[in-house]
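Take the sequences, apply the hints, and build the full model.
Here's the letter readout for the chains.
There are 2 protein chains.
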Amino acid sequence: MDYQKFLAGRTQNIKASVIREILKVVSQPGMISLAGGLPSPDSFPLEIIDELSSLVIKKYGSKAFQYSATEGFPALREALAAYLNKKEIRATADDVCITSGSQGLLDGIGKVFISEGQKIAVEAPTYVGALQAFNSYGPEYVCIKTDDNGVIPEHLEDIIKLFGIKLVYLVPTFQNPTGRTLPLDRRYKIADIIQKYEVLLIEDDPYSDLRYRGKPITPLKALAPDNVIYTGTVSKILAPGFRIGFYVAPPELKTWLIRAKQGVDLHTSTFTQAIAAEYLAGGFLDKQIKKIIALYQPKQEAILEALDQHFPKNFTWSKPDGGMFIWVEGPKGFDAEACYHKAIEQKVAYVPGKYFFTGPDEGLETMRLNFSMCDADTIRKGIRILGDVIRTFS
Amino acid sequence: MDYQKFLAGRTQNIKASVIREILKVVSQPGMISLAGGLPSPDSFPLEIIDELSSLVIKKYGSKAFQYSATEGFPALREALAAYLNKKEIRATADDVCITSGSQGLLDGIGKVFISEGQKIAVEAPTYVGALQAFNSYGPEYVCIKTDDNGVIPEHLEDIIKLFGIKLVYLVPTFQNPTGRTLPLDRRYKIADIIQKYEVLLIEDDPYSDLRYRGKPITPLKALAPDNVIYTGTVSKILAPGFRIGFYVAPPELKTWLIRAKQGVDLHTSTFTQAIAAEYLAGGFLDKQIKKIIALYQPKQEAILEALDQHFPKNFTWSKPDGGMFIWVEGPKGFDAEACYHKAIEQKVAYVPGKYFFTGPDEGLETMRLNFSMCDADTIRKGIRILGDVIRTFS
Chain A
4 MDYQKFLAGR TQNIKASVIR EILKVVSQPG MISLAGGLPS PDSFPLEIID
54 ELSSLVIKKY GSKAFQYSAT EGFPALREAL AAYLNKKEIR ATADDVCITS
104 GSQGLLDGIG KVFISEGQKI AVEAPTYVGA LQAFNSYGPE YVCIKTDDNG
154 VIPEHLEDII KLFGIKLVYL VPTFQNPTGR TLPLDRRYKI ADIIQKYEVL
204 LIEDDPYSDL RYRGKPITPL KALAPDNVIY TGTVSKILAP GFRIGFYVAP
254 PELKTWLIRA KQGVDLHTST FTQAIAAEYL AGGFLDKQIK KIIALYQPKQ
304 EAILEALDQH FPKNFTWSKP DGGMFIWVEG PKGFDAEACY HKAIEQKVAY
354 VPGKYFFTGP DEGLETMRLN FSMCDADTIR KGIRILGDVI RTFS
Chain B
4 MDYQKFLAGR TQNIKASVIR EILKVVSQPG MISLAGGLPS PDSFPLEIID
54 ELSSLVIKKY GSKAFQYSAT EGFPALREAL AAYLNKKEIR ATADDVCITS
104 GSQGLLDGIG KVFISEGQKI AVEAPTYVGA LQAFNSYGPE YVCIKTDDNG
154 VIPEHLEDII KLFGIKLVYL VPTFQNPTGR TLPLDRRYKI ADIIQKYEVL
204 LIEDDPYSDL RYRGKPITPL KALAPDNVIY TGTVSKILAP GFRIGFYVAP
254 PELKTWLIRA KQGVDLHTST FTQAIAAEYL AGGFLDKQIK KIIALYQPKQ
304 EAILEALDQH FPKNFTWSKP DGGMFIWVEG PKGFDAEACY HKAIEQKVAY
354 VPGKYFFTGP DEGLETMRLN FSMCDADTIR KGIRILGDVI RTFS
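Those sequence lines, one after another, are chains A and B. Heads up: the first sequence begins at 4 in the numbering used here, then just goes up one per residue. Heads up: the second sequence begins at 4 in the numbering used here, then just goes up one per residue.
What the hints contain is simulated information worked out from the structure, not anything from laboratory work. Any given hint might turn out to be false.
[Unchecked claim] Quick list of in silico lysine-lysine cross-link-like pairs, DSBU-like style, CA-CA up to 35 Å:
hint, chain 1, residue 1, chain 2, residue 2
1, A, 89, B, 384
2, B, 18, A, 8
3, A, 290, B, 61
4, A, 257, B, 122
5, B, 169, B, 199
6, B, 61, A, 384
7, A, 18, B, 90
8, A, 62, A, 89
9, A, 27, A, 293
10, A, 18, B, 169
11, B, 384, B, 27
12, B, 8, A, 122
13, A, 66, B, 27
14, B, 90, A, 66
15, A, 257, B, 27
Right under this line is the structure:
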C-alpha cells in the first residue's frame with residue numbers, strides 16, 4: 004500500500020531532527036561527546052524526588068493522579084508565580100500556565116499564531132527545537148543578525164518594517180547554541196521596538212538560573228509585559244524527565260494557548276506537576292541551583308582553558324557567564340561538518356553549527372560545544388584531541 | 004493592543020470544550036454528577052505507585068529523569084508489547100510508541116494526516132476529545148450511521164465511496180459516549196472495507212479492559228494490521244495523571260508520528276513511563292483490573308436498575324458489557340439540554356448528548372450518563388431525581 008497518500012500537505016515540513024540523529028551516533032561507548040544539550044545526570048536531586056514522591060501521594064492522594072485542569076496543577080502555578088516574581092516577572096498563580104516541557108508552549112505558539120507562509124523572526128543561529136515546533140505550521144524564517152551580545156536591535160527593527168513581522172522568537176540569556184546573553188541596554192531597545200510596532204515576542208528562558216558570574220539581567224517580559232510570552236522549564240533546575248514547562252502570556256492570548264493544549268494532551272502529568280510544586284514550595288530549589296552551579300562552573304572553566312591551550316589562534320569562541328554551551332567560530336573556509344566526521348573517528352563529537360541556522364550555507368565554520376555532560380578531565384582531553392584534529396584538518 | 008491580529012487562520016477552529024465547561028459548573032458541592040468521564044479516584048493504586056516510584060529511582064537512577072527517546076522509554080514499550088499481544092495485537096517493543104495520553108496520538112493524527120478541508124469519517128455520536136484534537140487541522144466530518152451495535156459497515160462503505168474518505172476514527176469497544184461495542188462480524192466487514200478501499204482507520208481503545216460481562220472481542224488492528232493505527236492508554240487501568248498513551252502504527256506512518264511528537268513535547272515524562280513499565284512488568288495490572296471491575300460493575304448494575312425503575316417507558320438506553328457510560332435516548336421532541344438546566348437546579352448533572360455529534364440539531368433528545376465516579380447509592384438517588392425532572396419537564 005502507498006502510505007504517502009495519507010500524509011497531509013504540511014507533513015513534508017516535519018523534518019527529523021538532525022541533531023537527534025547525531026546524538027544517536029555519538030552515544031557509542033568510548034565517545035567523548037561535547038555534542039549533546041543534556042543536563043548532567045549528577046544534577047538531578049534523586050533523593051529529594053524520592054522523598055517528594057511519597058509526600059505528594061500522602062498530601063494530595065488521588066488528586067495527584069486524576070485528570071486535572073489544562074492550565075496546570077494549582078499548587079505548581081502558585082509556586083511558579085513566586086519563582087517568577089523573583090525574576091522581576093509580575094505574575095499571579097492564575098497567570099502561570101503549565102506545558103509539557105517548554106517545547107509544549109513552542110508547539111502551542113505554532114498552532115495558535117503561525118499561518119502557513121507567515122514570516123517570523125528568529126536569531127541566527129537559533130534553538131533548533133523551536134524551529135522543529137514551528138515547522139509543522141509552515142512559517143518562513145527571517146533571520147535577525149547577531150553579534151557577541153546577541154541580536155542587534157536595529158536589525159530587528161529593520162526586518163520588522165521590511166517584512167511586517169508580527170512574531171519574534173528569542174533565547175535572550177545564555178542562548179542555545181551560542182551561550183550569548185543580550186545585555187540590558189539592548190533589552191530596553193527591543194522592548195521599545197516591539198511595543199512601537201505591536202509585535203509579539205517569545206522569550207524562551209531555560210538557562211538563566213545557571214549563572215556562574217555576574218548579576219541576573221531583567222527579562223524582556225518585565226520590560227514589555229503586554230508584548231511578551233515568557234517561557235521557562237524545570238528541565239535544567241530539577242530534571243527534564245518531568246516534562247514540565249511554564250509560560251506567562253497576555254490574558255487574551257493565554258485563552259487560545261490553553262484551548263490548543265486541550266486538544267494536544269488535555270494537561271501535563273499531574274503527578275510530576277505535584278512533585279515539582281513541592282520541590283519549589285519546599286525551598287529545595289535554591290540549594291539545588293547552588294549545587295548545579297558548583298557542578299557546571301568548573302566544567303566551563305575547564306573547557307575555556309582547554310580551548311585557549313589547544314585551539315588554533317585563528318579560532319574564536321564565546322565566554323558566557325552561564326548556561327551549558329560554548330560557540331566556536333573558525334576562520335572562513337573552515338568546514339566544521341567535514342571536521343566533525345574526522346573528529347568522530349578520533350572519538351570526539353560536537354554539533355556542526357550550520358544546523359542552528361535556518362538558511363543554507365550559513366555558519367559552515369561554526370561549532371557548538373556542550374560542557375554540562377562530561378567531567379572536567381574528559382572535557383580537557385576532548386578539546387585537546389579536537390584541537391589536533393582541527394590542525395591536521397585545516 | 005488588538006491581540007486578534009496575532010491569531011493564525013486555523014485558530015478559529017480551536018474551540019473550548021463545552022464539556023469541560025459543564026464539568027466546571029457541576030463541580031459545586033452537593034452536586035450529583037453523572038456528567039464526567041473520569042475514572043473513580045478509588046481505582047488508583049496509590050500504595051503500588053508509592054512503592055514503584057521508589058523502585059524506579061533505585062532501579063533506573065538518573066535515567067528515569069533525563070531526556071529520552073521520543074518513541075518512549077524502552078522498558079515501557081516492552082511491557083506494552085506483551086500487554087498488546089494478549090489482545091491479539093502483534094507488536095514488538097519497537098512497534099509500540101508512547102504518547103502523552105492517547106490525546107497525544109490524536110493530535111499527531113491531525114498534524115500528520117489531516118489537510119485543511121479534508122473529509123474524515125467519525126461515528127455519530129463520537130468522542131469529543133478526538134474532534135478537539137482534529138479541529139485544529141481543519142477537517143470536515145462525515146458521520147457514519149450507528150445503531151445499538153456501533154457503526155453500520157454498509158454505511159461506512161457508502162461514504163468512503165461517495166466522499167473519497169481516506170481516514171476513519173472509531174472507538175469500537177465500550178464507546179464514549181454510548182458504551183456500544185462493535186460485534187466481531189461487523190469488525191470483519193470493516194476490516195474488509197478499509198483494506199479494499201485502502202483507508203486508514205484509527206482504533207481508539209481506552210475501555211476494553213473494563214469488561215463486566217462476556218468475552219473480549221478481537222480488535223480491528225488484529226484483523227487489518229496494515230490499515231489500522233491502534234491506540235490505548237493507562238488512564239483507566241492505572242491513572243490519568245500519568246498522561247501515558249501508546250499506539251501501534253504501520254512502520255511507514257510511525258516515522259512521521261514520531262517526528263511530529265518531537266516538535267510537540269520531545270517525549271513523554273520519563274519518570275511516569277518508568278513507573279508504568281514497572282506496574283505492567285511487575286504483574287500488578289491483572290490484579291488491579293479485577294479490583295477496578297469489582298468497583299465499577301455494581302455501579303453499572305445500580306444505574307441500569309435505577310433507570311428501569313425511574314425513567315419513563317418511552318426512554319431507551321444502552322446496556323453495555325463494560326466501560327463507564329450509559330447512553331439514553333428520549334422520545335422525539337425531548338430537549339435534553341433544556342432538561343439539563345432543570346436537572347442542575349435539582350443538583351443532578353449529566354452531559355446532553357448533542358455535544359457528541361458533529362452536525363447541528365443532532366442527538367437533541369440524547370444524554371450521556373457516567374457511572375464510574377459516584378457510589379451506587381448516589382447513582383440511584385441521582386437517577387431517581389433525574390427521572391422526576393424528566394417527568395415534570397416533558
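Outcome of the hint check:
no.: 1; hint: A/89 with B/384; verdict: 51 Å, violated
no.: 2; hint: B/18 with A/8; verdict: 29 Å, holds
no.: 3; hint: A/290 with B/61; verdict: 23 Å, holds
no.: 4; hint: A/257 with B/122; verdict: 30 Å, holds
no.: 5; hint: B/169 with B/199; verdict: 12 Å, holds
no.: 6; hint: B/61 with A/384; verdict: 32 Å, holds
no.: 7; hint: A/18 with B/90; verdict: 34 Å, holds
no.: 8; hint: A/62 with A/89; verdict: 27 Å, holds
no.: 9; hint: A/27 with A/293; verdict: 31 Å, holds
no.: 10; hint: A/18 with B/169; verdict: 23 Å, holds
no.: 11; hint: B/384 with B/27; verdict: 22 Å, holds
no.: 12; hint: B/8 with A/122; verdict: 14 Å, holds
no.: 13; hint: A/66 with B/27; verdict: 16 Å, holds
no.: 14; hint: B/90 with A/66; verdict: 31 Å, holds
no.: 15; hint: A/257 with B/27; verdict: 18 Å, holds
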